[in-house]
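Engineer: Residue-level listing of the chains:
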Amino acid sequence: RKEVEQDPGPFNVPEGATVAFNCTYSNSASQSFFWYRQDCRKEPKLLMSVYSSGNEDGRFTAQLNRASQYISLLIRDSKLSDSATYLCVVNIQDMRFGAGTRLTVKP
Amino acid sequence: DVKVTQSSRYLVKRTGEKVFLECVQDMDHENMFWYRQDPGLGLRLIYFSYDVKMKEKGDIPEGYSVSREKKERFSLILESASTNQTSMYLCASSTIRQFFGNQPQHFGDGTRLSIL
Numbered sequence: 023r024k025e026v027e028q029d030p031g032p033f034n035v036p037e038g039a040t041v042a043f044n045c046t047y048s049n050s051a052s053q054s055f056f057w058y059r060q061d062c063r064k065e066p067k068l069l070m071s072v073y074s075s076g077n078e079d080g081r082f083t084a085q086l087n088r089a090s091q092y093i094s095l096l097i098r099d100s101k102l103s104d105s106a107t108y109l110c111v112v113n114i115q116d117m118r119f120g121a122g123t124r125l126t127v128k129p
Numbered sequence: 002d003v004k005v006t007q008s009s010r011y012l013v014k015r016t017g018e019k020v021f022l023e024c025v026q027d028m029d030h031e032n033m034f035w036y037r038q039d040p041g042l043g044l045r046l047i048y049f050s051y052d053v054k055m056k057e058k059g060d061i062p063e064g065y066s067v068s069r070e071k072k073e074r075f076s077l078i079l080e081s082a083s084t085n086q087t088s089m090y091l092c093a094s095s096t097i098r099q100f101f102g103n104q105p106q107h108f109g110d111g112t113r114l115s116i117l
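Protein sequence lines correspond, in order, to chains A and B. Following my numbering, the numbering of the first sequence begins with 23 at its first residue and continues without gaps. Following my numbering, the numbering of the second sequence begins with 2 at its first residue and continues without gaps.
To be clear, the hints were calculated from the coordinates, so they are not data collected in a lab. If you're wondering where the values come from, they're calculated on a predicted model, not measured in any experiment. For glycine and all other residues, C-beta sits at the position ideal for the given N, C-alpha and C. A portion of the hints provided could be inaccurate.
[Stated by the list, open to error] Straight-line alpha carbon distances no greater than 30 Å define the calculated BS3-like cross-link-like pairs of lysine-lysine that follow:
1) Lys-54(B) <-> Lys-67(A)
2) Lys-71(B) <-> Lys-24(A)
3) Lys-58(B) <-> Lys-101(A)
4) Lys-14(B) <-> Lys-67(A)
5) Lys-4(B) <-> Lys-14(B)
6) Lys-56(B) <-> Lys-14(B)
7) Lys-19(B) <-> Lys-4(B)
8) Lys-56(B) <-> Lys-4(B)
9) Lys-19(B) <-> Lys-101(A)
[What the hints assert, rightly or not] Counterexamples of contact, computed for chain B against chain A with all Cβ distances above 12 Å:
10) Glu-18
11) Asp-27
12) Asn-32
13) Glu-57
14) Leu-117
With these hints in hand, go ahead and build the complete structure from the sequences.
Structural biologist: The following block contains the structure:
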């Protein structure tokens, strides 16, 4: 079983839609969690950290469920510029990346 | 802002050549990492380093070595390049905060390496 698993997608949604990505991790000792965004042929960039109580940054909401070893990212009111691959990252002793979920937002 | 600089965006080498990929960060970060990224496989950790002269194997170290002589510089070396090492190589750095542990990684622009 992979340490970090994501639905690879692709997710194709219209502008304005709400879309949710899920990520599961296998190591219960995982300490911290992040979502990264990667545009085509570019490097991954930190989107947001994920806190135990859940956190929100504008249209983006991240949640963590330690009991189920599950992280989610919700994007509301999708924009064309949200089109990217979203990587779930889990920190144990080092960062473990999911393979990413590809999102395409269409007009 | 953290700046992680990789020496080349695109590189073409021949099978059997020794290849050096250089990475420099300007934020005095303790941790540095080398990944490769291939379609459908995501980011795979090759080597990482938590301090000068320290190195640890990641998930796929075979065929690679690293060097960290100075804190700001982490070099990846392909001892004898092979075609299956054609990939996107990403360098990253991060720091450690007391009580909070490893902080998020910051990535360089990546090097697209082609081995012919």
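Engineer: Please list, smallest to largest, the hint numbers that this structure does not respect.
Structural biologist: When the structure is compared with the hints, numbers 2, 3, 9, 12, 13 turn out to be violated.
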